[in-house]
Amino acid sequence: MNKLRKIFTLDSLVVPLVAIVLGLIVGALVMLLGNYNPIEAYSALIKRVVGSPYHMGETIRQVTPLIFTGLAVAFAFRSGMFNIGADGQVLIGMTTATAVSLSLDGVHALVSVPLAVIAGGFAGGCWAAIAGFLKAKRGINEVITTIMLNWVALYFSNYIIRHFFLLKGQNRSEDIQASASMTFLSSIFDNARVHWGTVIALIAAAFFYIYLWKTKQGYEMRAVGFNQHAAEYAGMNVGRNVIKAMFISGVFAGLAGTFEVLGVFHFQSVFAASPGYGFDGIAVALLGMNHPIGVVFAAILYGGLTYGSAGMSFAAGVPPELIKIIIGSIIFFIAAQGIVRFILKPFYLKRKKEKVL
Amino acid sequence: MNKVFKYSLVMVLALTMVLTGCGNNSKNNAANNTSDNGAATNNSGGAGNSGDKASNIKIGLVTDVGGVNDKSFNESAWEALEALNAEQGIQHQYLQSTTSADYIPNLNEFVQGGFDLTWGIGFDLGDAVKQVADANPNAKLAIIDAVVEAANVESVTFAENEGSFLVGVVAGLTTKTNKIGFIGGMESPVIKRFEVGFKAGIEAVNPDAKLTITYAGAYDKPDVGKSLASQLFDDGADIIFPAAGQTGNGVFNEATARNAAGGANKLWVIGVDKDQSIEFGDEVTLTSMVKRVDVAVKNVSQQVIDGTFKGGQVTNLTLKDDGVGLPETSKANVSQEILDKVEEFKQKIINGEITVPAE
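Top line first, the protein sequences correspond to chains A and B.
In terms of the working numbering, the first sequence is residues 1 to 357.
In terms of the working numbering, the second sequence is residues 358 to 716.
A hint or two may mislead.
Derived SDA-like pairs: lysine to any residue, alpha-carbon spacing no greater than 20 Å straight-line [claimed, not checked]:
id : chain 1 : residue 1 : chain 2 : residue 2
1  : A       : K47       : B       : G470
2  : B       : K487      : A       : S269
3  : A       : K47       : B       : Q450
4  : B       : K549      : A       : K47
Note that these hints are calculated values from the structure, not bench results.
Make the full structure from the sequences, and use the hints.
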């Protein structure tokens with residue numbers, strides 16, 4: 001309990017909340033500049049997110065991959081690396097899950113589904129481990145390798161889908177068998193595409209916390225993240241930890257892609273550009289302060305804003321691009337914590353004076 | 358050092374998000390303002406000349422990821438609804454899809470919101486429209502560029518191969534270097550029809566001409582279009598036909614820049630979907646392969662207004678229906694002799710003397 005309290009120090013909770021409020025205010029100002037009614041727009045946004053079971057389900061659908069990619073980026077970050085390649089790892093996870101599911105057509109779902117999930121996660125992990133390996137053995141900056149691997153992943157996935165699993169006359173793979181679908185509870189949510197991935201995403205968040213803070217291996221990884229040289233001096237194998245951290249990070253991202261196929265689409269499209277979950281994951285990890293619980297909440301916020309933005313444009317006529325200004329402002333204020341602290345300073349001072357009195 | 362680097366990365370990320378938001382927003386405001394104005398005239402009752410009936414009709418449109426300002430088929434579809442709003446006072450609204458995951462919720466927003474007709478624009482929306490139509494058998498839907506087999510969906514496709522055949526004839530007779538380029542967006546059945554039709558048209562009039570086919574892999578990357586065009590021009594091509602949405606804008610830019618610098622050969626680009634000579638000028642636009650998405654959207658929407666919508670039909674708009682073809686402005690650059698030849702082939706295709714391959 002004490003430890004929990006340590007994580008949720010007042011500061012780490014107040015700063016994001018104030019940043020969110022400031023972001024919403026900036027968004028409202030921009031809306032006023034464009035002659036839109038911000039109150040109408042924000043209520044339309046909330047209505048779209050929680051207004052009906054269908055929309056709630058779809059919001060959960062939108063949030064799930066963001067939890068995974070947010071965890072992926074945060075995990076790498078805790079180990080001192082910046083995984084910009086979550087997007088590519090998502091695609092590799094997707095493609096592997098599609099390939100396994102389609103190849104195991106006719107095999108009982110109890111066998112094929114777990115296999116597809118494990119394969120998807122494993123492939124995503126291996127993809128990320130390439131960048132980890134290059135960093136550990138050759139010292140190549142992972143920012144560069146992961147970003148380049150994103151493109152390799154995009155075109156490689158398209159190649160696989162186009163040449164082996166293409167549905168004739170369409171720009172996508174064949175459908176995976178209906179029994180392999182991981183959709184669940186969708187009748188409660190009015191046929192929204194809710195799936196088991198959400199539960200596994202929460203389990204992954206718990207794993208993230210326990211692994212990093214409760215195990216020896218996690219301790220080593222965090223030590224490497226804090227200071228590589230000190231960790232090495234203390235006798236830890238930095239290279240192995242780097243590869244392992246990237247692998248686990250990639251598993252999270254790969255699972256995001258896996259569940260997009262198994263739970264949401266049930267097929268894989270040929271992509272013109274990468275789906276962008278990985279890059280949103282960077283923002284989610286930042287918003288969540290690289291902590292698993294923070295990441296879950298940040299994903300809910302980010303996914304809710306993204307999904308709700310269509311409601312703003314539908315009911316209040318606000319262009320969806322404006323929501324990006326709001327999200328951008330929130331991230332800006334969190335990144336520039338100094339501004340938030342500067343605004344909060346008078347309040348803190350006041351309180352201290354009261355205490356003194 | 359490491360810390361400074363990380364912080365600067367974070368700042369760059371935050372700035373990019375804020376700035377991209379700003380950039381797109383101004384453009385979109387313009388579009389939205391016009392639609393607001395349209396709605397305003399509609400409410401005051403000034404524009405409705407066909408009485409109350411049409412003004413009760415609500416038509417929704419879901420774009421693909423290209424968005425409503427794509428200068429291509431999403432935009433032409435939306436313009437058709439704008440026109441219907443101005444002429445008959447219908448209510449209209451659009452939702453842009455940012456990823457393919459948005460298609461179904463966006464379609465549902467209109468269907469469950471009681472709209473009389475919901476448009477899905479683009480081949481990619483086929484599966485989404487099918488699912489939503491099956492789940493809501495009483496709703497009316499329509500789709501451009503894909504065939505959806507459902508009793509409440511009207512599908513409209515185009516014979517892009519026939520129109521491309523005709524611009525292929527123009528290209529084959531115009532080229533001086535006997536080298537022609539084709540830049541596709543993404544490999545898909547729709548773009549394939551452009552490609553094979555164009556190829557067949559060139560071969561019909563100029564068997565010596567060599568056609569180089571490349572794909573940009575995206576519809577929204579003018580920079581890729583520009584570099585592909587640069588390669589093709591360096592290779593000696595003097596005409597390029599891009600069938601790649603916004604990516605094609607880069608091809609126009611490259612050709613305009615090279616013409617201005619004064620090369621050995623005059624370089625030409627063939628427009629796609631809309632009459633692009635209006636946007637890029639007659640100096641560089643040889644002709645365009647016009648696809649009348651606006652006519653299709655207007656016709657089917659009119660059926661809903663008139664109450665004659667049947668659904669379950671597939672309309673393939675061909676040369677015969679004027680669904681595809683060359684715009685009037687082609688006269689500016691294409692000689693009468695060639696236009697006569699085009700007309701001759703057009704009649705042959707309509708008569709069935711020539712069958713243009715489609716894949």
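Hint check:
1. A:K47 to B:G470: holds, 14 Å
2. B:K487 to A:S269: Between B:K487 and A:S269 the Cα gap is close to 16 Å, so the pair holds against 20 Å.
3. A:K47 to B:Q450: Status holds; Cα separation ~19 Å.
4. B:K549 to A:K47: violated, 43 Å
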